[in-house]
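Those sequence lines, one after another, are chains A and B.
Using our numbering, read the first sequence as starting at 1 and increasing by one per residue.
Using our numbering, read the second sequence as starting at 1 and increasing by one per residue.
No lab work stands behind these hints: they were computed from the structure.
What you are looking at is a predicted structure, and each value in this text was computed from that prediction instead of being measured.
Just so you know, not all the hints are guaranteed correct.
Under 10 Å between C-beta atoms, here's a sample of chain B residues computed to sit facing chain A [said to hold, decoys possible]:
| id | residue |
| --- | --- |
| 1 | 77 |
| 2 | 81 |
| 3 | 281 |
| 4 | 282 |
| 5 | 549 |
| 6 | 922 |
| 7 | 924 |
| 8 | 971 |
The beta carbon of each residue, even a glycine, is placed where N, CA and C say it ideally should be.
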Amino acid sequence: MNHSRYVYLIFMVIILSWPVFLQLPAPPWLLWSYPLIIWLGLIIYAFVSEHHV
Amino acid sequence: MFNIWQAIVLLAVYALIQYTIGRWAQSSSTLSKKVRQSATVYSLSLAVFCTSWTYYGNIGQASSQGIQHLSLYLGSSLAFVFLIPTFKKMVRIKAHFHTTSIADFISTRYNHSQWLAALISLLCIVGITPYISIQLKSIISSAQLFIISSNSTSDFLLAQFDILTVLLMTAFTIVFGVRQLDPTERHPGMMVAIAAESLFKLLAFLAAGIFICFFVFDNFGDLLTIASEQFGSTSALDTFSQVPSISSWLATLALGMIGVIALPRQFHVGIIECSDEKVLNQARWMFPLYLFIINFLVIPIAIAGQILLPAIDNPDLILLNIPIFQDSTFISILVFVGGFAAATGMIMVSAMTLSTMTTNHLLLPVIEKIKALHFLRRKLLYVRWFMVAFILFSGLYYYRVIGDSELIVRIGSISFVAIAQLIPALLIGLFWQKGNNLAAIIGIASGTVIWYYTLMLPSVINSGWFETDLLINGPFNLAWLKPEHLFYLQIDSSVGHSLFWSLSINCALFILISEKTFKVEHSADAITFINIANGKQHSNYHKKLIADICLANKLQLLSDLINNYLSNTETKRKLELCCKLCEVDPLEDVNVIQLSLLRNKVTSMLAGIIGMAAANRAIKSIELLNKQEQELLSNSYSDLLAQSLISPDELLEKVDFYQEKQQLLEEHADLQSKAMGKLEDEHQKTIKAKLELDQLNQQLENRIEERTADLKNINQELTLAMSELKLAQKKLFEADKMASLGRVVAGVAHEINTPIGVILTAMSSLKDEIDTIYVQVKENKISKDTLEEFMDYSAEICHLSLTNIQRAAHLIDSFKQVAVNQEKECIESFLVGSCIENSLLNIKSRFKDKVITYKIDCDMELEIMSYQSAFMQIINNLATNSCIHGFEQQSEGVINIRCYERDDQLIIKYDDNGKGLTEDGKKNIFEPFYTTNRGKGGSGLGSHLVYNLVTQLLQGEIIIDPEVIQGLGFIISFPLEKESAK
Numbered sequence: 001m002n003h004s005r006y007v008y009l010i011f012m013v014i015i016l017s018w019p020v021f022l023q024l025p026a027p028p029w030l031l032w033s034y035p036l037i038i039w040l041g042l043i044i045y046a047f048v049s050e051h052h053v
Numbered sequence: 001m002f003n004i005w006q007a008i009v010l011l012a013v014y015a016l017i018q019y020t021i022g023r024w025a026q027s028s029s030t031l032s033k034k035v036r037q038s039a040t041v042y043s044l045s046l047a048v049f050c051t052s053w054t055y056y057g058n059i060g061q062a063s064s065q066g067i068q069h070l071s072l073y074l075g076s077s078l079a080f081v082f083l084i085p086t087f088k089k090m091v092r093i094k095a096h097f098h099t100t101s102i103a104d105f106i107s108t109r110y111n112h113s114q115w116l117a118a119l120i121s122l123l124c125i126v127g128i129t130p131y132i133s134i135q136l137k138s139i140i141s142s143a144q145l146f147i148i149s150s151n152s153t154s155d156f157l158l159a160q161f162d163i164l165t166v167l168l169m170t171a172f173t174i175v176f177g178v179r180q181l182d183p184t185e186r187h188p189g190m191m192v193a194i195a196a197e198s199l200f201k202l203l204a205f206l207a208a209g210i211f212i213c214f215f216v217f218d219n220f221g222d223l224l225t226i227a228s229e230q231f232g233s234t235s236a237l238d239t240f241s242q243v244p245s246i247s248s249w250l251a252t253l254a255l256g257m258i259g260v261i262a263l264p265r266q267f268h269v270g271i272i273e274c275s276d277e278k279v280l281n282q283a284r285w286m287f288p289l290y291l292f293i294i295n296f297l298v299i300p301i302a303i304a305g306q307i308l309l310p311a312i313d314n315p316d317l318i319l320l321n322i323p324i325f326q327d328s329t330f331i332s333i334l335v336f337v338g339g340f341a342a343a344t345g346m347i348m349v350s351a352m353t354l355s356t357m358t359t360n361h362l363l364l365p366v367i368e369k370i371k372a373l374h375f376l377r378r379k380l381l382y383v384r385w386f387m388v389a390f391i392l393f394s395g396l397y398y399y400r401v402i403g404d405s406e407l408i409v410r411i412g413s414i415s416f417v418a419i420a421q422l423i424p425a426l427l428i429g430l431f432w433q434k435g436n437n438l439a440a441i442i443g444i445a446s447g448t449v450i451w452y453y454t455l456m457l458p459s460v461i462n463s464g465w466f467e468t469d470l471l472i473n474g475p476f477n478l479a480w481l482k483p484e485h486l487f488y489l490q491i492d493s494s495v496g497h498s499l500f501w502s503l504s505i506n507c508a509l510f511i512l513i514s515e516k517t518f519k520v521e522h523s524a525d526a527i528t529f530i531n532i533a534n535g536k537q538h539s540n541y542h543k544k545l546i547a548d549i550c551l552a553n554k555l556q557l558l559s560d561l562i563n564n565y566l567s568n569t570e571t572k573r574k575l576e577l578c579c580k581l582c583e584v585d586p587l588e589d590v591n592v593i594q595l596s597l598l599r600n601k602v603t604s605m606l607a608g609i610i611g612m613a614a615a616n617r618a619i620k621s622i623e624l625l626n627k628q629e630q631e632l633l634s635n636s637y638s639d640l641l642a643q644s645l646i647s648p649d650e651l652l653e654k655v656d657f658y659q660e661k662q663q664l665l666e667e668h669a670d671l672q673s674k675a676m677g678k679l680e681d682e683h684q685k686t687i688k689a690k691l692e693l694d695q696l697n698q699q700l701e702n703r704i705e706e707r708t709a710d711l712k713n714i715n716q717e718l719t720l721a722m723s724e725l726k727l728a729q730k731k732l733f734e735a736d737k738m739a740s741l742g743r744v745v746a747g748v749a750h751e752i753n754t755p756i757g758v759i760l761t762a763m764s765s766l767k768d769e770i771d772t773i774y775v776q777v778k779e780n781k782i783s784k785d786t787l788e789e790f791m792d793y794s795a796e797i798c799h800l801s802l803t804n805i806q807r808a809a810h811l812i813d814s815f816k817q818v819a820v821n822q823e824k825e826c827i828e829s830f831l832v833g834s835c836i837e838n839s840l841l842n843i844k845s846r847f848k849d850k851v852i853t854y855k856i857d858c859d860m861e862l863e864i865m866s867y868q869s870a871f872m873q874i875i876n877n878l879a880t881n882s883c884i885h886g887f888e889q890q891s892e893g894v895i896n897i898r899c900y901e902r903d904d905q906l907i908i909k910y911d912d913n914g915k916g917l918t919e920d921g922k923k924n925i926f927e928p929f930y931t932t933n934r935g936k937g938g939s940g941l942g943s944h945l946v947y948n949l950v951t952q953l954l955q956g957e958i959i960i961d962p963e964v965i966q967g968l969g970f971i972i973s974f975p976l977e978k979e980s981a982k
């Protein structure tokens, strides 16, 4: 799936830019769960894209 | 808590299990082959990335820095998922060049530079050996917590526990990783053992996490509530939600990315041990998932540690402390062995790959240079074993020297930054043709210097070994040279600071020098490296050249070279293999291209033993191709290009194009192959299903045949039974008929017998009297009186006889009526109500002595077409029976007759309130000659006559009304209209 590299790129950008979002007021639980959610999303996408091929 | 012997037995059992798994994985069974080639095992072996720094250290880091630890693993996951195509390319290159380590891999790219390989090996030794010391520290620390000292022997063994561990690890690494000399052969035993170890440490960590969160505490909510109460915060997470600085977060994220690519152990497991690049597809999600799972419970466990053990000295050991604190022996053992597994996995793989690097790129060049050491060339395997022990004991020494200093806390990050210096040469070199060995050496060396100056040195100073002036004022009081703020750069994270400067300078120098010193003619290997593709590129060009080089002489040169490192037999075997692969006959002459191919093949083979750089150098040293042959080879290639009418640049472009095209085609072929595989699977399933269906059909047919045969048998039996039944029924019917006839005959005989008997007696008596009178008349003795008496008597006899004859005649007439003569009857239309009334007129006149009330409920307009006389006879007989039998002992009675039509039938409900009948009487009432008034004038034919008229003439039916309780009732039904034909 050629488009998958772009999706991975989006994931990378989101994760790399996360500290920028940290400067915004946010509840502490969001701080803790945000990377985990993105991380899980990344794994699920990798899993789904592999099985779609 | 356990004593030292229990702990040793425990670890010995664990080691034995690991050894058994490893041995089994190396066996030739189908299952073990399947296991060692599986993507799951590969993915799990990648989890060697998670060392005791992950297992124990994450919790300690989370206790002090919140979620900072996640960034390392998030970065690793991101890099691994994102860079899978790059990983695949590296796997292809590894397979092509027979590379043995990251140093060999990078040096191969840069013209097989031995200097570069040596530099990388040195950097890896410097960077990784301290990292091994962290693992030893975790083993020792956990052992000190886990093991209770009981006597002096225990104390001694506990003090030497690190040595015991190192010895065990040395033995394990040699057995599994360095057992043979050709390290490019994969080490399936070790990889499966590492995979099992990864699985075990994950399960142990999860078991401990679940125990803490759901058994020590009730659940996450309970944990957070208690934490809130204890810490006085609105949310327990607040305590652990410290916002990491951007620089720190990004630096650790970058280290995670770098580590998963460039750490020697990770490179070895991920690239060198990769059997097939297809396994990377599954590892793409499975390895990040592993990292996710092992990190998920870190924060809850850290919170639990803060609640239960607020004064703990070493928060790294919270995971082990809590189960010990809770007296949970099983979980304590699991956690301790899991931590041991996490540390030993890293130690073994690192020691194996570092020993390979140091032997091939540091020791071997020295051995080659010094003649006195040449004997070691045949002892390379033992040299490598020695290096394994040396590296591990160096780690132990490092631990004993700095074990309690602050430096060891930071050593993990420091090692990662050191290894990061390989990234520009590795990754840029993969894609950029101009990168060359000089640039790579200068880039890595300068990056390493910057790393040492900005990170290693400050860490050493901060550990208290040197004065801090250098950090505060900079060298020679030059503030812009302060190690932690180089060029006045203010970054919170010292790791981020060092990473930024070292990598920036490394990259900048690498690119600049590459641009300045790039020469096309030196880039042949680089081009091959960059454009490497799967499969061989066949060419028939060499077949056009004249074979005029004596191969036997060349083989002798090669044999002498290989014999330096291998035994005679092994040398001969390897050379024969190379000749076979190059399709040349050792006894015939070859041309220059064939010789060149053979040279390349032997170089690859030798690289498996001593590394690519050393192999290349060794081949060059024997001058396999003399000057004339080299010129010929050069001319051949030029000729080849000239014949192709193409310039080298155009050739490269075309190669690029076709390789890209080939890659696309291969991807497409992969997709097609997978689709074909799926179709094949489906086809197989369909065939299987069809076979099963056929089998089922066959079974069904067999069953049907069996059932049919059974049914036929049963049918035959039934037919036979039916015949027998019919026969029996016929016999029964005949018997019944004969019995009925018998009863009828008996009844007739009985009824007629009485009057006949009377007549016979009377006639006999009269005859006697006549005889007497006749005698008297003959003798003239008869008197007038006598004659008058005789005459009177005769008259009386005649009267009696006549009466009885009449009675017999009446009986015979009644009997004749029983056999209903339909021909005499005629169908006519009549009003039912009128007909009933007319019938009852006769009854009323006959039974004037009784007060009988007749209640007729009938539509007087109801008209039917039937046998009127038969109908009247029925009513008459029923009423007569009621009057004679029903009202025998009573002078009053009521007879109810109700008529109505239903469904083209006339229904007559007749009942009286007489004495009724017994059950036996009801049963036999319609039998001929059955009467309750025998001897009193009843013949027993009235009801039978009614029955015959209803059922035969009117074609209806008659039953006794069960609803009538007092007296007797009948329900008669017959068609409203009889067909005229009848």
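Exercise for the section: Verify the interface restraint on residue 971 of chain B: the C-beta must sit less than 10 Å from at least one C-beta of chain A. Expected result: 81 Å, violated
Exercise for the section: Against chain A, run the beta carbon of residue 549 of chain B and see if the smallest gap drops under 10 Å. Expected result: 48 Å, violated
Handout entry: Hint check, residue 281 of chain B versus chain A [nearest Cβ-Cβ separation less than 10 Å]
Key = For residue 281 of chain B, the interface hint holds, since the closest Cβ of chain A sits about 5 Å away, which is under 10 Å.
Handout entry: Supplied contact hint for residue 77 of chain B, tested at 10 Å Cβ to chain A
Key = 6 Å, holds
Handout entry: Interface hint for residue 924 of chain B, Cβ within 10 Å of any Cβ on chain A
Key = Check failed: Cβ of residue 924 of chain B comes no nearer than 89 Å to chain A, outside 10 Å.
Exercise for the section: Tell me if residue 81 of chain B is really an interface residue toward chain A, meaning its C-beta lies closer than 10 Å to one of theirs. Expected result: 5 Å, holds
Handout entry: Minimum beta-carbon distance criterion (10 Å), residue 922 of chain B to chain A
Key = 85 Å, violated
Exercise for the section: Report holds or violated for the interface hint on residue 282 of chain B, using the least CB-CB distance to chain A and a cut-off of 10 Å. Expected result: Holds. Min distance 7 Å.
Violated hints for the displayed structure, listed by number in ascending order: 5, 6, 7, 8.
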